[in-house]
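S.K.: Here's the letter readout for the chains.
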Amino acid sequence: MKITIQDIAPGEEEEIIVRCRDLDEALLRMIYELKTRRGKFTVTDNDKIRQIDAGDIYYFEAVDNKVFLYLEQDVFEVRYKLYEIEEGYANTDFFRASKSVIINLAKVKQFAPDFGGRFEAQMRNGERLMVSRQYVPALKKRLGM
Amino acid sequence: MKAYITESVKKRMMELLLTFCMVTTGSVFVCAVYNKVFWPQGTFLESNILWQLLALAFVCSLGNFIHSYREISRRRSVFNKGLHYVYINVVVLGCGYGFEWMDMENISMLAAMMLGILVVFAVVSYVIWKLHARESENLNRKLREYQQAVEKAPQSV
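Those protein sequences? They're chains R and B, same order as listed.
Using the numbering used here, count along the first sequence one by one with no gaps and you end on 145.
Using the numbering used here, count along the second sequence one by one with no gaps and you end on 157.
Careful, some of the hints might be misleading.
Unchecked claim - Cβ-to-Cβ under 10 Å is the rule here; a few derived chain R residues that face chain B:
(1) Leu-139
(2) Arg-142
(3) Gly-144
Read the hints as simulated data drawn from the structure, not as lab findings.
The structure displayed is predicted, hence computed values, not measured ones.
For each residue, glycine too, the CB sits at the ideal point set by N, CA and C.
Using the sequences provided together with the hints, build the complete structure.
M.R.: In structure tokens:
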């Protein structure tokens with residue numbers, strides 16, 4: 001497959017054009033991954049290196065200068081700063097919900113009203129996370145409100 | 001981020017206006033009942049009372065600023081709510097004393113005023129909670145649309 005990269009003028013929107021005869025399964029998967037910017041996180045699990053699909057992550061949490069990645073049941077430490085994840089995964093399903101948490105919107109079951117203008121994100125695995133009041137406007141914008 | 005700050009300021013101003021309107025309505029209602037109970041002949045009401053009620057509602061609305069937009073714990077949030085209630089009590093009872101709406105030594109007047117504060121505070125808090133709950137319903141509707149769009153993404157290309 002030939003890949004062509006073109007320079008664009010400042011301010012012009014970046015664009016990926018796919019030129020193909022058939023939109024086969026592999027191409028669809030690749031486009032989907034581009035659209036969702038799905039990546040993998042490398043973690044160590046009992047001295048074994050393991051790759052975690054970003055789509056399987058429920059949320060990230062920073063605790064005492066360490067960042068943890070939460071799956072449905074497992075928890076792993078990752079060697080990234082929270083802001084790096086936030087920047088690297090901007091415009092994907094990941095959303096900064098508070099100073100210490102980034103949630104995966106695809107894994108949120110629902111939002112519930114909470115004290116002081118905040119919301120509680122109820123995750124599909126039953127965990128409850130706080131969406132800070134200062135991030136609510138960003139959440140609304142993200143969801144197209 | 002600047003857009004979100006502007007959004008926050010706009011939201012805060014709207015909240016202030018909404019609280020002002022609700023507190024004004026509540027104050028007028030409490031004033032009418034209070035007047036009927038303690039001054040059945042209607043000798044209590046003066047023209048200045050309207051300005052006094054508006055000033056009271058405005059100062060009470062400023063209590064919204066106790067609730068910070070900064071990230072705080074749930075416990076702190078509950079504490080702030082309590083602090084807000086104390087602030088309202090101080091303002092209303094202070095105005096009641098300053099504007100001579102009541103005799104501080106008359107326990108029934110004091111009790112009626114505090115009951116009025118409790119009722120208005122509870123009603124305003126309930127209305128704000130209902131608005132917040134409606135906001136969360138809208139968020140959930142948009143979340144479902146968002147999740148459906150993400151699931152359909154490969155097919156929709």
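S.K.: If a hint holds in the structure, say so; if it doesn't, say that too.
M.R.: Results of checking the hints against the structure:
1. Against a cut-off of 10 Å between C-beta atoms, the interface hint on R/Leu-139 holds, since the closest Cβ of chain B lies about 7 Å away.
2. The interface hint given for R/Arg-142 holds, since its Cβ lies 8 Å from the closest Cβ of chain B, which is under the 10 Å cut-off.
3. The beta carbon of R/Gly-144 is positioned within 10 Å of a beta carbon in chain B (closest approach about 6 Å), and the interface hint is therefore held.
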